[in-house]
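Top to bottom, those sequences are chains A and B. FYI, this note's numbering numbers position 479 of the first sequence as 661, with every residue one higher than the one before it. FYI, this note's numbering numbers position 34 of the second sequence as 287, with every residue one higher than the one before it.
It cannot be assumed that every hint is accurate.
[As the list claims (entries may be wrong)] With beta-carbon atoms standing in for the labels, derived distance ranges:
hint	chain 1	residue 1	chain 2	residue 2	range
1	A	406	B	280	20 to 26 Å
2	B	267	A	612	39 to 45 Å
3	A	394	B	292	24 to 30 Å
4	A	612	B	308	39 to 45 Å
[To be verified] Sample of chain B residues lacking proximity to chain A, with all beta carbon distances greater than 12 Å (derived):
hint	residue
5	254
6	255
7	256
8	293
9	301
10	309
These are computed hints drawn from the structure, not numbers from a lab. The structure presented is a predicted model; accordingly, all values stated were derived computationally and were not measured. We treat Cβ as the ideally placed atom computed from N, Cα and C, and that holds for glycine.
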Amino acid sequence: MESRRAMQEEESKTDGEFERQPVPQHALLGFKSFVGMYAGEHCAGTELMIGPLFIAAGVSAFDLLVGLLLGNLLAVLSWMLLTAPIATRARLTLYYQLEQICGRRLVTLYNLANGVMFCFLAGAMITVSATVVGTIVNSHVSGMELQMPQLTDVYPSSPGWMAAVVCVGALISIVAAFGYQSVSRFANIASPWMVLVFLAFGLIAAREFLNSTRTDVDSFRDVWNLANTVIWTGGDPLPGQTKFTFWHVTFFAWFCNMAMHIGMSDLTIFRFARKSRYASATGAGMYVGHFMAWIAASMLFALQLHEQRPDKYMVTLLTDHSAKYAGVAPEALAASPVSSAMIREAMRIENQLVRDGELAAADKAVSVPTPLPGDLANRACGLAGLLCVIIAGWTTANPTIYRAGLAFQAIVPRTSRFTVTLLTGGVATIAGLFPAIAMKLLDFVALYGMVLMPMGAVIFVDFWLIDKLGLQRDYAARGRKTFNWAAGLTWLLTLGLCTLLVKYTAVQEFLSEQGIGLLPANFQGVQIFFVSLPGWFMAAVLYVALSAIYQKNTTTEPRHSRMDAP
Amino acid sequence: MRKALQTTSVLALIGTILPSGLYLLGLISLASCRWTMLAATVAWFAATPLWMGREPRRGQHESAETSQAG
Chain A
183 MESRRAMQEE ESKTDGEFER QPVPQHALLG FKSFVGMYAG EHCAGTELMI GPLFIAAGVS
243 AFDLLVGLLL GNLLAVLSWM LLTAPIATRA RLTLYYQLEQ ICGRRLVTLY NLANGVMFCF
303 LAGAMITVSA TVVGTIVNSH VSGMELQMPQ LTDVYPSSPG WMAAVVCVGA LISIVAAFGY
363 QSVSRFANIA SPWMVLVFLA FGLIAAREFL NSTRTDVDSF RDVWNLANTV IWTGGDPLPG
423 QTKFTFWHVT FFAWFCNMAM HIGMSDLTIF RFARKSRYAS ATGAGMYVGH FMAWIAASML
483 FALQLHEQRP DKYMVTLLTD HSAKYAGVAP EALAASPVSS AMIREAMRIE NQLVRDGELA
543 AADKAVSVPT PLPGDLANRA CGLAGLLCVI IAGWTTANPT IYRAGLAFQA IVPRTSRFTV
603 TLLTGGVATI AGLFPAIAMK LLDFVALYGM VLMPMGAVIF VDFWLIDKLG LQRDYAARGR
663 KTFNWAAGLT WLLTLGLCTL LVKYTAVQEF LSEQGIGLLP ANFQGVQIFF VSLPGWFMAA
723 VLYVALSAIY QKNTTTEPRH SRMDAP
Chain B
254 MRKALQTTSV LALIGTILPS GLYLLGLISL ASCRWTMLAA TVAWFAATPL WMGREPRRGQ
314 HESAETSQAG
């Protein structure tokens with residue numbers, strides 16, 4: 183998901199081409215260049231976690247399929263209507279454009295935020311790749327068992343898991359520091375093959391579902407029935423996951439690349455496009471990577487759930503202690519696929535037994551089915567599937583670490599790129615030790631978009647609206663400011679307001695406990711998957727209002743800026 | 254040579270996806286599907302790096318001339 187952007191940024195920086203000037207006419211690229219770029223680069227390691235997490239979120243067939251169709255369309259339209267029109271007019275990199283508006287010091291802060299988010303994303307990819315080590319050790323090394331993390335785990339699950347993550351992370355970091363270019367070339371080569379392996383995941387999983395349900399498919403109705411009743415069954419999410427509805431899927435698909443379209447990072451890409459409508463090429467990436475690949479990856483985890491049976495411990499818990507399962511024969515229960523309702527009930531009983539003193543907390547043993555990409559891919563495609571997970575994780579983590587390193591290096595320019603990349607890889611590896619990032623990737627991706635979104639609103643308003651409102655655009659460049667406080671406060675306040683909306687219930691309860699009835703109790707707040715939409719409008723309004731105050735109170739010296747050019 | 258390598262890559266891609274299609278239709282076993290995919294994967298990574306991202310000979314010559322002229 184990230185690698186294309188990172189590669190493009192890297193190319194731009196290493197070549198030093200048009201970094202601080204508009205891209206000239208002779209360097210513009212045709213439509214096909216963007217189709218290839220987006221189609222390949224959006225089928226990456228993250229898709230192997232996101233797809234299964236939709237299943238863990240209890241998504242239904244209609245919600246997933248139609249939600250993804252609509253959400254991806256909205257993402258493509260965002261690139262076409264928000265990013266590309268500015269990119270093809272200004273033809274500047276995101277960083278140079280931001281520097282003109284916000285000033286060098288604020289851009290440095292933006293770089294820091296971007297770098298930190300990249301580190302966590304790379305950490306999730308290291309986690310994905312490390313699951314392959316677990317799969318290989320557990321299935322091929324006799325006498326050794328590597329305890330893998332669970333869906334609900336926050337901290338490292340075992341020393342063996344930590345060793346696997348550290349080995350994978352160190353390897354990826356060293357390669358990123360030494361040989362970024364060769365891995366970037368390898369990623370391009372692997373891309374068409376990877377797309378087809380993802381498709382194969384889906385086809386093989388479909389056959390496995392037909393085999394295990396002994397279903398004959400003769401019509402679309404049969405397919406739809408299988409999809410609804412066996413694959414994407416809806417219902418409760420697995421413990422620790424947020425329930426996903428149609429709107430969750432739509433907004434997630436729309437906003438998972440929010441930093442790139444609404445956040446304007448892809449200005450750097452589309453400054454090379456001859457026409458702004460070339461941004462429709464992003465559709466290739468969305469419908470290959472964020473439709474086909476997510477659906478295929480989700481089917482692998484759905485298959486795992488369908489084949490998994492409750493263990494003896496869970497059967498005993500349910501039949502002995504649950505009124506809901508009291509009438510079910512233990513043999514019948516043991517033979518039925520494990521469901522979210524079953525796991526939740528078993529966990530509830532365990533907690534009750536702990537409260538009653540009949541069970542020690544340390545003896546709780548109900549496990550939550552966990553999407554481990556290594557196991558899922560191995561189950562479907564064997565060694566080719568495992569290779570796909572390794573390559574997908576590696577080729578995504580590598581440029582992500584490198585990109586984060588570049589962002590940090592901009593803050594401490596005297597440090598060598600090698601050292602910074604290596605240190606960044608170390609931070610990403612530490613992040614990868616914590617399975618919570620990968621297991622909560624849906625939330626993290628939404629957070630990533632939210633953090634960078636306000637700057638996209640600032641660019642949009644500055645480019646299209648601000649001079650029409652009697653204010654000056656590119657204020658930092660015109661006023662020789664290194665920190666445009668209007669933009670900085672817009673970013674900070676928008677993030678504060680969005681965080682308040684997301685954590686509304688907790689904040690409201692805390693204030694009530696302190697006797698402060700400031701916030702109404704009947705409002706439930708906004709989930710992180712949706713908050714960036716009102717957040718964008720908040721940022722736009724705030725930037726106009728704060729610019730009016732800031733520009734009125736500061737003097738500017740007339741100076742040539744990019745917009746003064748004919 | 255380049256043509257032969259490109260043909261190998263195309264065949265490797267077909268070998269990557271076709272087995273899963275045949276398995277879906279119930280025409281081959283899962284084991285056969287996995288082995289064919291693995292063989293196709295090896296073929297793809299053996300053949301493709303030798304041509305993808307590399308200029309064809311004539312193109313290389315032309316670009317060298319262009320850069321000299323420039």
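To see whether the hints hold, each was checked on the structure:
{"no.": "1", "hint": "A:406 / B:280: 20 to 26 Å", "in the structure": "holds (24 Å)"}
{"no.": "2", "hint": "B:267 / A:612: 39 to 45 Å", "in the structure": "holds (42 Å)"}
{"no.": "3", "hint": "A:394 / B:292: 24 to 30 Å", "in the structure": "holds (27 Å)"}
{"no.": "4", "hint": "A:612 / B:308: 39 to 45 Å", "in the structure": "holds (41 Å)"}
{"no.": "5", "hint": "254", "in the structure": "holds (18 Å)"}
{"no.": "6", "hint": "255", "in the structure": "holds (15 Å)"}
{"no.": "7", "hint": "256", "in the structure": "holds (18 Å)"}
{"no.": "8", "hint": "293", "in the structure": "violated (8 Å)"}
{"no.": "9", "hint": "301", "in the structure": "violated (5 Å)"}
{"no.": "10", "hint": "309", "in the structure": "holds (17 Å)"}
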